[in-house]
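Asker: Take a look at the letters that make up each chain.
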Amino acid sequence: MQGLASIIQTHGRRIVIALPLAWLIVFFMLPLIEVFEVSFTTARRGIPPFAPLWGFGEDGFFTNFNLENYKLLFAYWEDYFWPAGNSLRLAFFSTLICLVFAYPMAWWIARSNPLHRIILLVLVMLPFWTSSLLRIYALIGLLNPNGFINTMLLHLGVIDAPLQMMQTDFSIYMGMVLTYLPLMILPLYAVMVRLDGDLIEAAVDLGASRFAVLRTIILPLTMPGIIAGCLLVFIPAVGEFVIPALLGGPGQAMIGKTVWLEFFRNRDWPVASAVAVVLLALLAVPIIYARYQDGRRSQFEIDQEDAA
Amino acid sequence: MAPFIRIKNVVRRFGDVVAVDNLSLDINKGELFCLLGASGCGKTTLLRMLAGCESVDSGSIEIDGSDMAHVSAADRPVNIMFQNYALFPHMTVANNIAYGLRRAGLPKSEIAERVYELLRLLRLGGMESRKPHQLSGGQRQRVALARSLARRPKLLLLDEPLAALDKKLREDTQFELVDIQERLETTFIVVTHDQEEAMTLASRIGVMDAGKLVQVDAPRILYERPQNQFIADFLGSVTFIDGMVSKVGKGILSIAAAVPITAADTGGFAAGDTVRMAIRPEKILLTRAATGALNEMPVTIEDLAFTGVASNYRVIGPDGLRLKIHQPNQRGAETALEWEEAAFASFDPADVVLLQD
Amino acid sequence: MKSAVAWPALILGCLGFGLLYIPITVMVIYSFNASRLVSVWGGFSTHWYSALLGNEQVLDALGKSIWIAVNAATYSTVFGVLIALAFVRFGNFRFRLLLSALASTPLVMPEVVTGLSLLLLFIAMEGVFGWPAGRGLDTIIIAHSTFGMCFAAVVVQSRLREFDMALEEAAADLGARQPFIFFSITLPVIAPAVIAAWLLAFTLSFDDLVIASFVSGPGSSTLPIVIFSKVRLGVTPEINALATIMIALIASCVVVAGLLFYSRSARTTSSSNRER
Chain A
1 MQGLASIIQT HGRRIVIALP LAWLIVFFML PLIEVFEVSF TTARRGIPPF APLWGFGEDG
61 FFTNFNLENY KLLFAYWEDY FWPAGNSLRL AFFSTLICLV FAYPMAWWIA RSNPLHRIIL
121 LVLVMLPFWT SSLLRIYALI GLLNPNGFIN TMLLHLGVID APLQMMQTDF SIYMGMVLTY
181 LPLMILPLYA VMVRLDGDLI EAAVDLGASR FAVLRTIILP LTMPGIIAGC LLVFIPAVGE
241 FVIPALLGGP GQAMIGKTVW LEFFRNRDWP VASAVAVVLL ALLAVPIIYA RYQDGRRSQF
301 EIDQEDAA
Chain B
1 MAPFIRIKNV VRRFGDVVAV DNLSLDINKG ELFCLLGASG CGKTTLLRML AGCESVDSGS
61 IEIDGSDMAH VSAADRPVNI MFQNYALFPH MTVANNIAYG LRRAGLPKSE IAERVYELLR
121 LLRLGGMESR KPHQLSGGQR QRVALARSLA RRPKLLLLDE PLAALDKKLR EDTQFELVDI
181 QERLETTFIV VTHDQEEAMT LASRIGVMDA GKLVQVDAPR ILYERPQNQF IADFLGSVTF
241 IDGMVSKVGK GILSIAAAVP ITAADTGGFA AGDTVRMAIR PEKILLTRAA TGALNEMPVT
301 IEDLAFTGVA SNYRVIGPDG LRLKIHQPNQ RGAETALEWE EAAFASFDPA DVVLLQD
Chain C
1 MKSAVAWPAL ILGCLGFGLL YIPITVMVIY SFNASRLVSV WGGFSTHWYS ALLGNEQVLD
61 ALGKSIWIAV NAATYSTVFG VLIALAFVRF GNFRFRLLLS ALASTPLVMP EVVTGLSLLL
121 LFIAMEGVFG WPAGRGLDTI IIAHSTFGMC FAAVVVQSRL REFDMALEEA AADLGARQPF
181 IFFSITLPVI APAVIAAWLL AFTLSFDDLV IASFVSGPGS STLPIVIFSK VRLGVTPEIN
241 ALATIMIALI ASCVVVAGLL FYSRSARTTS SSNRER
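Residue numbers (our numbering), protein chains in the order written: chain A, 1 to 308; chain B, 1 to 357; chain C, 1 to 276.
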């Protein structure tokens, strides 16, 4: 034990850094490189169902590098690039809708007394802790032609025929909001709870109307929370699979579902990889922006620690 | 005999800022020494260097003859009482106190004995099983002190030990601290920005400014005989008068200022020298009628503050000379002086401090 | 201030909460519906619950999911604490930028990409090293730990930043050294955050469908995989029952935790107000 303790003392720092670094390099970075590689090979029978990218055979070094998969994506534009654009569209509006609901909810929670605050936070987090799959499934029971809403409306005589709510943009938006609302609320809440109430009182004292206070004081000061929340929702939403799979129809094709179908239904792993690469390319800018925002905040924190 | 603690030419920099600037200081065994200074003067940095929490850029620190250069904080015969106590929140009072003893590998029975001893010494009987959040501020302070004394360090460092206590508690604790120190005969170094605290606690005070030691002396000497303007101004209240030496007599100097002043000659001044003088407010006598004493001048009362036991006056004398006077209030039927009244101020030549700046 | 929250905000707020809870509430109600159909209320019945408890496939998947989640959460927390330590305590160390990028990107990576990429890696590794032999519980645990540790790191990091370093200095002053200081002082004090991180990683692992689908093998179906295969075909009341049970369990845990937290913070603030 003494030996172990002294090893930890001299190399402690290096071990603490090396362990997670090694893990993440092997199980996160390397896999992404794999995806990239496989997107340049061809599908074939066997296990695994694709040709290796390179290797050494009887004639020495060989490679199966080709751009067929990408050409396929471009050739079958509607099957691949349309879902990509659609994903961006659906994710964008989902983020917006989440924001519209989350903003007042977060404000309500932040401005409550500590007891109410905990209760409301628990209420917000409770759905988050339950499986999102089950929540989306619950939505099916609600929106189906013979689901709860239609049954109620028909029963009350408000409508004559069931409304088509499933497999529409509407059902997607519902599913997204249901899944991602807590994720949008939390960063907003974190920023709002730090907002000094005196600032609002000062603005009111200086003659600002309610709307002006919102526009000139609250919005600008909560902007970091808004940006964080939007990124936290938009980026995963683009690559969502379960929501379009369970709630969406052909008009709600999303790129995450495309990757899945290519992999599980068409069993074309190289094309699936190529689509995955496209998905990453789509998200490259928002991801880099999110990292940049993160970096700004943590560099600020490093400087604070160094100064202390 | 060599001093117990020898700090030699110690320097510590943080980037461009020199926190401790070539500082040397000797401290004797069993002393209660105070490092006094405003925030940012480097006193806390010096404390941390003694403890081993901060590295030394150049210079050396010796404790009881041993150079501390390569000795880590855990191995030094030094312990700290932290400003905010730093009590381990998840441990009981007893475990907090015992922590250092367990690290030292003492047998369980001895640990229990020492903990009991300290609980008694610091009047913490009955609190052993409580956790810090169940204690009052004063109790937490005593636990912090007990914990830092547990290992019987050769040197105990106290970082603003009384800062977090309210006034009444602070006064009581000041005496208790001195009492404990005398009983244990441990060398204490207290860091504080509170001059009253420093003067009450310490046998010697080192006043620091901008990383340097300005003057090291017993409290009385620092107060009565400040070496320069900084010290005079830093401790207590003071009136400065500028003048020029007109004549050097036998043991006295005649100085021309707003009024002619006679001061005791402390050496080092010749006729023609400009000099800055400092006079403490309690050394100036304020009377309604002239008494014929030395250094007497007519003054008008500009401002006064009645504080119960005494009054603080601001008076204006000849040539716009302003004096700060502190005087116990009159006994008997004599009426007190009021605003804008005329009076006379005088002071003894021995009480005039000639500053060497 | 007249009222902290304006009425439009309250309306939107209530709508939001409603949106979050109405689907779940309806699902819970219908788990007691004797009839299979949503359009027909067949009377109160708990037979779907008994059907659920007899469903071996679901129970088996539940057991696997719990096993995976416990393992993944533990690995995630350990590595997450290491990552948090590195970022909060080690300043600008050599690989900081790289570790930062690697530890934050999984948080925003689409699950299909993570799942596919890990599967390809496992296959490649199997080809070169012979391990992992086939996909199963182990590969799922590895996959979940990988993104779990990034989430755990975020939770622990914020608490670690607030941690009062004077406590560690006091411990060092009293003769302790690392890593003893970490285990005797730091870890107990940040324990609530570490527990929260474990719970978060557990939930993320337990709920994961997409990644598990990619990296699981025959015979290692997790609960979400089983649920998904059932619900594609439409509403299945046994799933309603399962959902209700899970929600009830989680709800009670969260409520208990919330109460504990509230009473704890109330206790510490009231005692610190008792200054003499």
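Hint data in this document are derived by calculation from the structure and do not stem from the laboratory. From a predicted model like this one, the values you see are computed outputs, not experimental measurements. We treat Cβ as the ideally placed atom computed from N, Cα and C, and that holds for glycine. Don't take each hint at face value.
Said to hold, decoys possible - Just some of the chain A residues that point at chain C, by a computed CB distance under 8 Å:
id: 1; residue: Phe28
id: 2; residue: Trp107
id: 3; residue: Leu181
id: 4; residue: Leu183
id: 5; residue: Ile226
id: 6; residue: Gly256
id: 7; residue: Tyr289
id: 8; residue: Ala290
id: 9; residue: Tyr292
Claimed, not checked - Computed footprint of chain B on chain C, listed as stretches where at least three residues anywhere in the stretch have a Cβ under 8 Å from a Cβ of chain B:
id: 10; stretch: 160-167
id: 11; stretch: 170-177
Asker: Of all the hints given earlier, name the ones this structure violates by number, lowest first.
Answerer: Violated: hints 4, 5, 7 and 9.
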